[in-house]
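K.L.:
Sequence:
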Amino acid sequence: MIIEAPSSLGDTENESKEGRVTILPNTKTTKDGILLVPQPTDDPEEPLVGVFQNWSFWKKHLALIALGFETFLVKFTATMLAPGAHGLALQFHTSARRASYIASAASVVPSVAPFLWIPLSQRIGRRPVLLGGNFIAIMFTIGLARSETYAQALTLRIFAMFFASVGICITPAAISDMFFLHEKGKRMGYNTFLLVCAPYLGGVVGGSIQYNENLGWRWAMYIAALLYVALLFAQVFLVPETIYIKKQANAESEEIKRSIWRRLGFRKPHNEEPMRVTWTRNFRMFAFPAVVLPSFWFSICFMTEVANTAGFPLQFGIGTHYNFNTQQIGFCSFSGFIGAVLGEFVAGPICDFVAKRHLKKGEKWVPEMLLKVAWTGVVFIPAGVLLYGLELNYPTSWAAALTGIAIFAFGQEVLITVLLTYMTDCYPLEAAECAVVFQFFLNLNSYHPPFYVPQWILQPGGAKVPYIVFAVLPILFFPFGVGIFMWRGPQIRAKGRIFAPRRFR
Numbered sequence: 001m002i003i004e005a006p007s008s009l010g011d012t013e014n015e016s017k018e019g020r021v022t023i024l025p026n027t028k029t030t031k032d033g034i035l036l037v038p039q040p041t042d043d044p045e046e047p048l049v050g051v052f053q054n055w056s057f058w059k060k061h062l063a064l065i066a067l068g069f070e071t072f073l074v075k076f077t078a079t080m081l082a083p084g085a086h087g088l089a090l091q092f093h094t095s096a097r098r099a100s101y102i103a104s105a106a107s108v109v110p111s112v113a114p115f116l117w118i119p120l121s122q123r124i125g126r127r128p129v130l131l132g133g134n135f136i137a138i139m140f141t142i143g144l145a146r147s148e149t150y151a152q153a154l155t156l157r158i159f160a161m162f163f164a165s166v167g168i169c170i171t172p173a174a175i176s177d178m179f180f181l182h183e184k185g186k187r188m189g190y191n192t193f194l195l196v197c198a199p200y201l202g203g204v205v206g207g208s209i210q211y212n213e214n215l216g217w218r219w220a221m222y223i224a225a226l227l228y229v230a231l232l233f234a235q236v237f238l239v240p241e242t243i244y245i246k247k248q249a250n251a252e253s254e255e256i257k258r259s260i261w262r263r264l265g266f267r268k269p270h271n272e273e274p275m276r277v278t279w280t281r282n283f284r285m286f287a288f289p290a291v292v293l294p295s296f297w298f299s300i301c302f303m304t305e306v307a308n309t310a311g312f313p314l315q316f317g318i319g320t321h322y323n324f325n326t327q328q329i330g331f332c333s334f335s336g337f338i339g340a341v342l343g344e345f346v347a348g349p350i351c352d353f354v355a356k357r358h359l360k361k362g363e364k365w366v367p368e369m370l371l372k373v374a375w376t377g378v379v380f381i382p383a384g385v386l387l388y389g390l391e392l393n394y395p396t397s398w399a400a401a402l403t404g405i406a407i408f409a410f411g412q413e414v415l416i417t418v419l420l421t422y423m424t425d426c427y428p429l430e431a432a433e434c435a436v437v438f439q440f441f442l443n444l445n446s447y448h449p450p451f452y453v454p455q456w457i458l459q460p461g462g463a464k465v466p467y468i469v470f471a472v473l474p475i476l477f478f479p480f481g482v483g484i485f486m487w488r489g490p491q492i493r494a495k496g497r498i499f500a501p502r503r504f505r
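Residue numbers are given in UniProt numbering: position 331 of the sequence shown equals residue 331, and the series is strictly consecutive.
Derived from the structure by calculation, the hints contain no laboratory data.
Errors might be hidden in some of the hints.
Derived pair list, reagent style SDA-like, types lysine to any residue, alpha-carbon separation capped at 20 Å [unchecked claim]: (1) K464 x T403; (2) K59 x F237; (3) K372 x K464; (4) K372 x Y452; (5) K186 x T376; (6) K59 x A287; (7) K364 x K464; (8) K372 x R488; (9) K186 x I65; (10) K186 x L476; (11) K356 x I338; (12) K59 x L131; (13) K372 x P490; (14) K372 x I475; (15) K364 x A234; (16) K186 x Y322.
Taking CB as the label site, the calculated pair distances span [what the hints assert, rightly or not]: (17) N214 x R357: 19 to 25 Å; (18) H93 x V465: 19 to 25 Å; (19) R357 x Y394: 23 to 29 Å; (20) P274 x M139: 41 to 47 Å; (21) V277 x A230: 33 to 39 Å; (22) N323 x L62: 24 to 30 Å; (23) I484 x R284: 51 to 57 Å; (24) K464 x L226: 21 to 27 Å; (25) A400 x R98: 26 to 32 Å; (26) T320 x V277: 50 to 56 Å; (27) P460 x R276: 53 to 59 Å; (28) Y452 x P274: 25 to 31 Å; (29) H61 x W375: 26 to 32 Å.
Ideal Cβ placement from N, Cα and C applies to all residues, glycine included.
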């Protein structure tokens, strides 16, 4: 995070009457003439890099890969148990629906955990929070694998998710720390691609592991713990501290830079703001319409994701029309992965193309230009949800139903990339806090459907009724969540500044 760096093009340009901008003298650009936003310094400790090689290409992108692996593992391990709901039910002497809560109940944790992790990372640095959270998550995951009762398994799963969730919000902030405006689209796309596809791949891998009689659900969690160990080593060696404070960097002595603490990649931010401001900034971001409304709208689009993946054993498993075994149930999740891959090929490159085209022409950049891409998600998410629900109600083939999941995941990937990039472009100094608000609504609204959708499907109207409702809601709320910003976004954001912390004014 670049403190006191320009947060918009207005710090480095003058606007002409035609809506174009004149770049001020000594302003840094790429060799292609693209304005660097925010403007980098020549300090080698600063993560930003363009023509001026501060952090090398490999240093930044290896850190990006490790951080993305963190995002992936949180969601991947969350669904590894989902295909084995019937086996868990036998193990813990409960119903399959109740056993599915071991996989789905922890989904609410990432909506509240970042209110601790993000402020803590601002005070002591991103690196120690990441390493500490992952280490403790390993302990709880091993405990989950050794659980003997339903209560133990559910409790340990929730605590493992709480500590593992450090990466979900810190990764978008670190991407904003390390990359310029015109580079962020593809990098955000990489992170959101992993965020969207991980639950689906987790189901595929977890189903196969549990189907193997020599492994089972316990080894699924032991393997999850081993993956977290690999992640911990990757972060130790590949992810240095990304927070950069110019005043601090300029004041540091060479003796401090050569200290053992610094050689290990740690750098305490020495944040000068009051503690109260750090710990309440996440809540203040709820006063910004350009963060809250798009986040809330996407959470409505996303809300069936956990119900879908956790519900695969109930809709495709033993005793259903399809009568799939545990491994086949896991393979159902592969459809979502295919949709996410296709969405990744669309979302990130288009965001970067839109940004580069306007910056290269010298036109004044406003983040709302990215929202034009959101129309793709508006079409595909309702279409995918509707197809899946109708196929559950009037089954023809498993391929048709899972095509609906693929279409749904495609729309997810496009929207999450566009909206996260939009919000971090609106408030680049508060990228982490924007991600907190986004994750709050996303995980909160995806938490409750698994508890009532299975019963709703069993009602006389069948599966078509809830899924028609879920398909209509994104269309109904689109004008209020995103459409209003496509129309009057800059004006709404300008008025929203009255609620902002002093540094935003």
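K.L.:
Does each hint hold? Answer for all of them.
P.N.:
Hints and how they fare:
For the hint linking K464 to T403, the alpha-carbon distance of about 16 Å falls within 20 Å, and the restraint holds. This hinted pair checks out: K59 and F237 have alpha carbons roughly 11 Å apart, not beyond 20 Å. Using a Cα cut-off of 20 Å, the hinted pair K372 and K464 is violated, with the two alpha carbons roughly 30 Å apart. With a C-alpha separation of about 34 Å, the suggested pairing of K372 with Y452 is violated against the 20 Å cut-off.
The suggested pairing of K186 with T376 holds, with an alpha-carbon distance near 17 Å, which does not exceed 20 Å. This hinted pair does not check out: K59 and A287 have alpha carbons roughly 36 Å apart, beyond 20 Å. Only pairs whose Cα atoms come within 20 Å are accepted, and K364 paired with K464 is rejected, the gap being roughly 46 Å. For the hint linking K372 to R488, the alpha-carbon distance of about 13 Å falls within 20 Å, and the restraint holds.
Distance restraint check for K186 and I65: the Cα-Cα separation of roughly 13 Å lies within the 20 Å cut-off, and the hinted pair is therefore satisfied. Annotation: proposed proximity of K186 to L476 is violated, straight-line Cα distance about 30 Å (limit 20 Å). Of the supplied pair hints, the one linking K356 and I338 is violated, its CA atoms being roughly 28 Å apart against a limit of 20 Å. Restraint check: the Cα-Cα separation between K59 and L131 comes to about 18 Å, which is no more than 20 Å; the hinted pair holds.
Among the hinted pairs, K372 with P490 is consistent with the structure: their alpha-carbon atoms are about 15 Å apart, no more than 20 Å. Our distance criterion of 20 Å between C-alpha atoms is met by K372 and I475, whose separation comes to about 15 Å. Between K364 and A234 the alpha-carbon distance is near 40 Å, which puts this suggested pair outside the 20 Å criterion. For the hint pairing K186 with Y322, the CA-to-CA distance comes to about 39 Å; that exceeds 20 Å, so the pair is violated.
The supplied range of 19 to 25 Å is broken by N214 and R357, whose beta-carbon atoms lie about 55 Å from each other. Restraint check, H93 to V465: a C-beta distance of roughly 32 Å breaks the suggested window 19 to 25 Å. The hinted range of 23 to 29 Å is not satisfied by R357 and Y394, whose Cβ atoms lie roughly 45 Å apart. Checked against the hint of 41 to 47 Å, the C-beta distance between P274 and M139 comes to roughly 34 Å, which is inconsistent with it.
Checked against the given bound of 33 to 39 Å, the beta carbons of V277 and A230, roughly 37 Å apart, stay inside it. As the Cβ distance of N323 to L62 is approximately 46 Å, the hint placing it in 24 to 30 Å is violated. Between I484 and R284 the beta carbons are some 21 Å apart, a value that contradicts the proposed interval 51 to 57 Å. For the pair K464 and L226, the beta carbons lie near 42 Å from each other, so the given range of 21 to 27 Å is not met.
Between A400 and R98 the C-beta distance comes to about 29 Å, which sits within the given range of 26 to 32 Å. Hint check: T320 to V277, Cβ distance near 53 Å, so the stated range 50 to 56 Å holds. Separation of P460 from R276 is about 54 Å and conforms to the stated range, judged on CB atoms against 53 to 59 Å. Distance hint check: the CB atoms of Y452 and P274 are about 43 Å apart, inconsistent with the given range 25 to 31 Å.
Take H61 and W375: their Cβ atoms lie about 31 Å apart, and the range 26 to 32 Å holds.
Hints 3, 4, 6, 7, 10, 11, 15, 16, 17, 18, 19, 20, 22, 23, 24, 28, counting from the list given before, are not met by this structure.
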